[in-house]
Each structure stands twice: as C-alpha cells, then as structure tokens.
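Trainee: Letter by letter, the chains look like this.
2 protein chains.
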Amino acid sequence: MADFTDKLKPAEPLGPSILASDRTNSDVPVQRLTQHLFQSTGHLECQARILPYLQRDPLFRKVKQSNLSRPERYRLGLARAKKLRRLADEHHWSIDDQEMATYLCDDVSPYMVHTSMFINTIREQGDEKQRAQWLKRAENWEVVGCYAQTELGHGSNVRGIECQAQWDPKTQEFVLHSPTLTASKWWNGSMGRTENHAIVVAQLLVPKSPSSAELINHGPHPFIVQIRDMKTHLPLPGIAVGDIGPKYGYAPMDNGYMLFDRVRVPHNAMLSNYSRIDANTGTYSKPANPAVVYGSLTAVRAAIVMHARLVLARAVTVAVRYTALRRQFSNRDDDSRTAPELSVLDYPTVQIRILPLLATAFALHYTGAAMQALYARTRADITKGDFSKLAELHSQSSGLKSLCTDYAANGIETCRRALGGHGFGGGSGLIQLNADYLSKPTVEGDNWMITQQTASYLIKRMEAAVAGKGEPQDEVERSCREYLRNRDTARPSDHAIFNSDEDIVFAFTRRSRYLSYLAHQARNVEKKPWNSLLLQLRKVSNAESESLLVSNFYNAIHDTAANLSPTLKDHLTRLFRLFAYYTIDNNARDFSKSQALKETDLDRLPDAIQSLMAEIRPHAVNLVDAWSIPDFLLDSALGRYDGKVYEDLFDRAHRQNPLNEVVFNSDYRSEEIVKGEGVEELRRIAAKL
Amino acid sequence: MADFTDKLKPAEPLGPSILASDRTNSDVPVQRLTQHLFQSTGHLECQARILPYLQRDPLFRKVKQSNLSRPERYRLGLARAKKLRRLADEHHWSIDDQEMATYLCDDVSPYMVHTSMFINTIREQGDEKQRAQWLKRAENWEVVGCYAQTELGHGSNVRGIECQAQWDPKTQEFVLHSPTLTASKWWNGSMGRTENHAIVVAQLLVPKSPSSAELINHGPHPFIVQIRDMKTHLPLPGIAVGDIGPKYGYAPMDNGYMLFDRVRVPHNAMLSNYSRIDANTGTYSKPANPAVVYGSLTAVRAAIVMHARLVLARAVTVAVRYTALRRQFSNRDDDSRTAPELSVLDYPTVQIRILPLLATAFALHYTGAAMQALYARTRADITKGDFSKLAELHSQSSGLKSLCTDYAANGIETCRRALGGHGFGGGSGLIQLNADYLSKPTVEGDNWMITQQTASYLIKRMEAAVAGKGEPQDEVERSCREYLRNRDTARPSDHAIFNSDEDIVFAFTRRSRYLSYLAHQARNVEKKPWNSLLLQLRKVSNAESESLLVSNFYNAIHDTAANLSPTLKDHLTRLFRLFAYYTIDNNARDFSKSQALKETDLDRLPDAIQSLMAEIRPHAVNLVDAWSIPDFLLDSALGRYDGKVYEDLFDRAHRQNPLNEVVFNSDYRSEEIVKGEGVEELRRIAAKL
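Residue numbers (UniProt numbering), protein chains in the order written: chain A, 1 to 689; chain B, 1 to 689.
Treat the hints loosely; a few may be bogus.
A pair holds if it fits inside one copy or across any two, identical chains being indistinguishable in the list.
[Unchecked claim] Below, computed lysine to any residue pairings styled on SDA-like, alpha-carbon distance capped at 25 Å: (1) Lys460 x Asp333; (2) Lys231 x Tyr668; (3) Lys688 x Leu8; (4) Lys598 x Ser551.
Calculated from the structure, these hints are not laboratory results.
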C-alpha cells in the first residue's frame, strides 16, 4: 500500500554513514580478530554454510513471530524443528551443522532434550544391550524422548524426589508410582506434547528379600519408559502427562508434568551401565566410582559458558551499533545553538553499561576455551583411571556457570535499557533473547546454590594447605600455600595494577585466597554452621571465578602461539584492563582488605575506567563486528550491520504489523471490538479466558 | 475430565499449615500495620468496594490470558477498558474507583493516556474557550485522545523533535508536517488503534512578518488535532498512523506512530493558555513563568514512587509466601538421615534477596507519602505566587523517580529468581508484572539521564553554601553549610550506627553532602566538562535519594502523630535498619571516604545484616500480609494467601492449558503438525510469518 511515507528519509546524519565512518576510523583488524576468536572451532565456516538454508525458507522468517500466541509458537517451533531435521537428512548435516541451524533459527527446539539429555543418558547410563536396543532408533528420531528428573516439589535436591520405582520380584517388573501431587514430574523439556519416551528418575525401592515387605531405598535411578502410544500419540494408561503452560520465554518448548498411577515397566527399563538389579535374585549393585557422573555435567557447564559469550556478544552488538549512531542532546558545554547532537555512545553513562560488557564477552570466551581444554585433559586422564583433576574441574565449572550466566542474563537487560525507549520495542531484537536466556541462571544448578560447591572445594584445599603435609594435591592447594607463606609479609604497595598486567592477575588471586582463608577459618576453626556462611561462601566462589576469568584472559593475550599482532594485542589488553578494573571497582573493599592493592590505586580506578572507555569507544563498532553475529540471528532493527535502523523500525510498524490491518471500535458504549463485526470478536476472546 | 490425579495431595507439610503457623507465631499486628499504611488514603476501602465487580465478571479472568497473542491481548484490553467505563457509569464510580479498577484488572488500559495526559493537557494548557470546547466531550469519552510528543528519532531531548507546525497567515491555519522519517511520532500510547484525537507537540514555525518567507522557530508547542474519522475510525487524509508492534510487556496498549503530510489545522488547535499566536497579526507571546510545567511532572513522579512501592510489595508478597512454605534440602550440619527439608526462606542466600526488598517497599512508602505532602505544599505556595520550593521539589522528584523505579524493576526480577524454577513459570504471577514494569526506568525521564537534574541542583546549592552569602535559600543549602562547617573536624567515631538510628540518618546525609561537595569541586573549581562528570553526578543523585529514603523512613517511625504501638515500632525499626545497613554495605567505600562512619562498623555490617534478617524472618509472612494485595491481583499460584501452591500450579497445567487440548504429530518426516489435520495447520501458521 503505497503512501506518502514511502519517500521519507531519516534526518541526517544517516546511520549507514555513521557506522561506515566508525569502521574506517578504527585500526582494529576485524578479520584477524574474528579468526583469532573462531579459527580453531570451525564456527564461522559452519555458520556461513548453514545460514543460507534458513534465510531462503519462509518458515524461518522472524519479524512477525512475536505476534503469535504461545500455543502457536509451540506449533511453529515444532514445524521448524521437524523441517531442520529433514534438511539435515537431505543435506547430510553433521551434529555441529544441526546445532548451528538451531542456533540461527533461535527457537528452542521441542526436540532439544531428545538430542541431548535423552540420547546422552542412554549412551552413558545404558548397558550394552540397552544401547543396542535404543540408540539407533533414538538417533533416527523413531523414538523421541525426554528426561524426567525434577518434580513439582523438588528441584535442586534430587535426593528429595518422590517418584517411586518399586521392584516387584514376582513379575520381575518395576512399578512406577507418584504417591503425591508434589511427586509429579515438572518442568521436563519436550515432555508436555512432543516426546513418546522418557528417562524417568525415580527412587529405587527394593524388597529386603524377595518375600519381605520391607523396602530398601537405593536412591534416585534412571528408567527408560514409553509414555505415549506410538500411533495415536496419546498417553499410555496410568500416565497423566501434559504441558505446564506459558512461562518466561521458551515459548516453543513444551516443558511438561507427568504422574504415574502404578505403571509397570520391564526389568530392562532400568538403565544399568552402573547400578543394576539382578532380575532373579533382586540383588542391587552400585557403581565403583560415582564421580563419573560429574564429568558430563562439567561438559554441559563449559558449553553454557561458551554459549553465554555469544549471547552477550549478541546483546552488545545491538547496543554498540545503535548507541553509536543514535544522536541525543548536544554538548551542554557547547554554547552554539546549532551544536549537533552527540552520539549516545559518547556519554560515559552509556559507556559504563555497554563497554565493560563488551570486555566481558571476551573474558567469557577465553575462559570457556580454557574450560573446554581442561575438560578434554580431565576426560583423557579419566580414561586412564586418573580421577585426580575431577574435583577441581567440578569446582571451577560450578562457580563459573553461576557467575557467567549471571553476567550474560544481567548483561542482556543492561544493554536493553541502555537503548532507551527503542530498547523496550520489538525492533530491539533483545526481547525474546532476554526472556529465553533468563532460565540459565536457574537451570543446571541454581546460580546462588552451586557456589557452595566451589567454596567447599576451596575451603578443603585451604585446610590441606594449612596442614601443609606432603606435596600439594593440585594447583589450587599450591596457590593456597603460597598465600599462607606471604600472608603477613605482603604489602599492597608491591602490586602496581596500573603498571603491570601481571599484578592485576596477582591481585585477583590474592583476594580470592584471602576470602578462601577467611571461610576456612570460619568453618574449620570457629566451627560456624554451614548455612550461616552461605553469603560468605558465595563471595568466595565469585572471587575465585573472577580470578579465573582474569587469568585466562591474561594468558590468552600472552600466549605466543596465538601469534597476535601488536595492534590486536593492544586492543585486547585494553579490554582486559577494562574488565579487570571494572570488576575491582565493584568489589573494592575486598581487594583493599586482602591487601591485594593500594588504597590510592582504588581511588584512581573510576578515572582509569573512564579513560579506558574513551580509548575503546572509537573501536567499539569494529570490536563487535569481529564477533560476526549475522543480521538473521540478531533480528534487530537497532543492531543491523548496515545501520538502517529507522527505516527498519518504520517498516516493521507500518508494513508488517497485523494489528494495523484491523479497524477497531473505540466507543466504550458499544460491546463491538472490531468495527463492523458486532459482538462476535468479544465472544471469541472471552471464550479463551 | 476426572482422572487419578484428582485425589492426589501434596507431600506434607502442607502449604496452608505452614503459612498458618508462620502467621500465628509472629506478633506483628497485621491489621494495625495495614491501617497505618493505608488509613489516610482510603485505598483499602476502595479496593474492597471495587474488587467484587471484577471477580464476578468472566471478562476479567486472568489465568489463561497469557495464552493469547499480542493482537488478541489488545482486543481483550480494549474490551476490558470499555467494560470498566460502562461499570463506572452504571455504578457512579469516582476517578479513584476507576483507577482502582484498572489497577486490579492489571491490564494497561488503551484509554490510559486519554484519561491522564490528554485531559490534563487540555485542562492545563488549553485556554478557557478550548477547555469549554473539549473537556466535557473528553470526560464523556466522546472524543478520545492521546499525547504525541516523542518521535522515532527523538525521545528525551524534546527540543530536538522534527514535527513542524507552520503558521500560514493567509489562511490563519497551522500546517502540520513531518519532514523526515525520524519526525514520525513514536511510542505514543493509545494512538496506534484506539484514539480519534491527539495532542501533537510540534516545532512552532512563524513567518518573521506576514509577508516574509523567513521562519522563526519558537520551539515545541502542543496542538489538539483530530486524527481519525469519527464514523469510520479511519485516519484522516494526510495522516499515516498505526500501532508500532509487539514490545516488552504492555500488550494491551497500542503505542503508535504518526506522520503528517502537510495537514492543515485551525488557529484554535494550538493550546493557548500560556503561549499563543495572534490570529490576525501572527504575533507570538509566551508564558511569564515556564516553571509551571514542572509541577505536574512532579505529581506524576510522586505517583510513580507510590506505585513502585505497591509493585514491589506485590513481588515481595509472592516471594515471601512461597519461599516460606517451599522446602529444599535438609540442614547440612544435621547428620540424621531423616532431617526434614528446610524452609527456603531460612537460607541467608534467599533472605538477602527478598528481605531487603521487603524493607525497601516500606522505605518507598514513606518517601512517596513525603513527596505527595511536599507537592501539596508547593502547589499551595505556587497558587500564592511563591515558586521558591519548586526547584527542590523537581530535584527530589527526579532523583527519586530514577532510584525508586530501578529498585522496583530490579526487585521484581530478583524476587522472581529467588523463586527458583517455579519463578520461571507462569504460576509465579511475576512474568507480566516484570515485563510491564520494565518501561518505568525509561519513561517519564530515563533513569540514567534525569539524575543530572538532581546533581545539578545539589551542585548549585553547594556552590551557594561555599559562597555563604545571606540566609540559606532552602533546607539543602542549610545542610550544605553545616557540612562545610564540620568538614574538617568531623571524626567518623562520632557516629555510632549500631547504637543510634539518628546516626544512621546522619551518616547518609554526610555521605551525600560529601559527594555533592566533590562534584561542586570538579565542576566549579576544576572546571571539568559536564559530560565527563556524568558517572559522578549519578552517584551524587543516588546518594541524595537514598538519604531522603532513610530520613523519611526514620521520621515516619518517630512521628508521634502516627501513634505506633511499641511492637509495631520495633518491627518497623528493624526494617528501617535493614534498609539502611544494606544500602551502606553496597556503598561502603563512599561512606568510609566521607568519614560518615567507622571502618570497624563497616566490617561489622555483613553480620549485622544477617542477624537482622534472622530476626525479621519469622514475621515476614505477616509483614507482607499487611500490604493486603488481593489474590485476584497477585494472580499467582506461588503467592496465594492460602498457601495452596502445588494444587494451583497443577490445576493451571492440567486443567487450564489450551495446549493440552491438542494432540500433535511429532514424527519429523511428516509436515503434519496437529494430529489428523494434514498440512492445514502448518499453512495457517506460515501465513502469519
């Protein structure tokens, strides 16, 4: 519908010319930086290969999808996920290709739990026969399954779940049963509507002897269970299963509930690679080393950190591009009436919200990579029967999962608010990202809770260091011993964070060890109750995680194998310092108390941060470009590469908004809603309430 | 549909018994506290009177509304708003009654801008003739209008808007015109689909003389303009107007865009109570005192603070009730295998997120009340021609709007995360609240930006105090002078925040004056550029606002007219201290640097906060009950008064979820989405993309 708005242009200066000039006036070698970030993973090549498939298929158009209802979003998500799998078959996509497609599609897939937890659990927990029975069919998506662990009344505390699997020696079956309402499985992804099988985690109850009525509870164990008819897709008898309803984000995902009314499953339903029941004697045997389970959790958490960096880079890309071209207010100190409006990103109040997050994306990147490397080494050791690195790995991954997902979740919202009014609009591209990402601080270990695991490990190592017997068990204990040696003699004046980046790393270590030592004192010497220490323990964990982020960042810049050009090294060093200074400034008192640095240095920090931001500002557009987040994924009028922000916002509003196709009756005396339709529309809507 | 789940109960202990016991075991006099909070306003009586109307009308049922699409939510919002107005007519509701109905309905009304900004602007800016012409019809909703100020390219900086109103002396008309795309009106509530009139703010361009081609720009002025046909509701010729599309929250609100293609409006379209154009000579005259405009902005901001406290109280009500009854993990230091799981609210890591926010709700309450009182006094002074308090009022309201809406917006999300997994679910009742509230930090003055106004005022007063001539102009200047007198002699050991609540108030004042003084030094003595000081200025503003919150809280507790019982005073004092200590702890270094308190006191703070929280914990349920947020408004399974959390969550999932009425085809090889419907459903969805 042509009208007079078609020929209107935005006021000068135009977005494209502003971004072009920012790009030209920065010496950041964008391509080299991109290669530096992604070279080893093949991420970019994969992205370039898969992107066109989605771009040319109308099913993956995003602009109007936020007008769909939640039940429609599930339908769309299902259609898209099925289509992606058909494309994968047709074009022989690898698993990485398929994950890239889901990432670019940006809909959580209703098959996500099937392709990850369901298949992985069978692979790890199933014995050879079970793997043979299930894996092939699962990989072909003939059988599609979910993972049913958490319950209505039981989340983090897996030992507390109520669902029962009672061994019946007579029939050699397990009886799955939900004794209460709170025993209902709850939140389990893909279970509500999509999958026909489930791994059900239940308390294994076994009669003391075949004839005994007394039951022994062996704790939670996994069972593979068919839950829906393979033809009708209706729940099997004795099973109540469904979707739990609308929630924060994740619209295309059918998180579910499920209850069992004495449902019998065969002996081979119990996944028996580790624990097992002898079908004839009813004897229970358990795994030699229960720690094996930790390994895969760590892999998941390393992946979460790597994912967090891309999410944050995406939000920062939108924020940097838009605030670089957005103009608002002229300089207050400029008296001329014709002074041009300033770039919003030139204001320190905008910089302080966006640029430390840009630096954080890099920090997460290097630590994610380091975690993956540590995981690979640990994995190799485990194969050789060496479990010694497992505890450190688990400790690191818990604290880092907690801190990094908090950074990303809060970072998206900080970026969104920094966009002002338009950040609140659908064209920001941050609304769905924000809502979808907010599950991360809670899932795979609640962020507030799992910091206990990190702190607990650090306290143990500090305790061992205080005892000081034999060789230190690992790097952390060695560092604790060093702290103890220098505790009383260290002077903060020894550390010059503004002259030496190494001293920055040192300051973070010092503060972390100091807090670990205090926690050790409180727990082991003063014998304080664990729960009374929880706030302190969280501090311990975060300090250690920040220390890891800083040292991994430092090591990456000084890794000669990375072969960084001096220019690139300079830019990365500025980001490193910004991340470090900003973090110190937010925790100034702990750094001071731990004698990690000088009071006068703390006083200098705000100015140092502001200067660094001013230095980074001219390069911000290039620094986000290096992350190579495609426009298709950004789905953001504000963040698009070419800077045509206002044209895109107007196009979405004026030409792609279904609400504008309808004329309404706004006379309050009438019950009519849509002009000319009488009360029909009111009835339609009311019927849905 | 009856099934085996009907007879299931949650595991013991049951929610209702836990809440009942918490209620019994606390000596908080709930009713007296409720009266203390609301007595003077009639809020409770109004709530009790209006609530039944909404409860018995199926149009206001909330449980399933989150399944509607955004276009459906607009239709529903329109239907509800029209219904509420019909109820108001029928039952002779006052304006307060109508506002209460909208508050309880919890949908932003598509007529919201009409009933507030549109009518208020005519009343304040229209001359006598214009008021006679428009007000009656507007109050009867015959004419319904919006307020079109911000534009696609221009938000906070009103002077920068591009829309033009050019005076044509020949025809004695104004020509409204949008010269660019960025001149499009944007974000204006109720404009997209609902209203037929608008107040359009445009640059007033007047020829230098009737025959001259040279134009003088008199800046932005308001014009009242019909934008849609009164019969067809279609846009008038030369006007492009519509809804801007889906956004964060506010689904029932049709925020709009609008462009003009040389649209002619008559001379009396310009609201002329202050500025006016003489129709015959084209002479422009402007208001004697432009400050009058500030007044109403302040009233709006005081209302925002009062609203923020109810929003926060609502989120805290949900968080306290649910975490009080939720059980997770037994005590780690309890060796018995049968130790019961602990109430989640007993963990300090949960308390630290929720209880300071509970205290904050009270802090906001007393400051909102103080702002309203100050506004009333200032208003009375203005009527007498005394504008002297206006600047202080404006300064206070800017800083407090910024800080308090940040508290509330962040507080909702903090509460939501503290709920763990269920906080992420629709049954939390916090999802729509969160999304809807997130506009507040941005609208009516962006929170980061308006802190400049507060800081600017404080710097001026400090400058005057340094000059020290004559009597201090106001309370702030008097306090600045006192600071200057004691600046060098003050010793932190004089202030004993753990012994004297008055010293807490003093510490906050001292730190605020210290930061004001530094800012004055930087700006007036060192002559630093304004924009380089923005981060420092924000700190100045927040410190002053926190100081106001603390002193208003203190004054309210010690106001003898309030007639508080000793028990109630004790409870409020604990909340006062928690708010104060928590705020100090988060800004410890500034308090230390300003000599506002002792280093050793800062060291004691974390333990003091933890002890206070342990003291408040047993009373938390009663303390939120006192806010009297009805279940109808909470719309929260987790926060319901009776504690039947799990029954409600299950009911919503199993019986009230439309997605569970459909069986899907999850075989990826098939394009069929809904079982038995072939490709029909896929086509339906794809057509909407």
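Trainee: All the hints need checking, so say for each whether the structure fits it.
Mentor: Outcome of the hint check:
no. : hint            : in the structure
1   : Lys460 x Asp333 : between (57 Å within a copy, 16 Å between copies)
2   : Lys231 x Tyr668 : between (51 Å within a copy, 14 Å between copies)
3   : Lys688 x Leu8   : neither (41 Å within a copy, 28 Å between copies)
4   : Lys598 x Ser551 : within (20 Å within a copy, 34 Å between copies)
Checked against the numbered hints above, the structure violates only hint 3.
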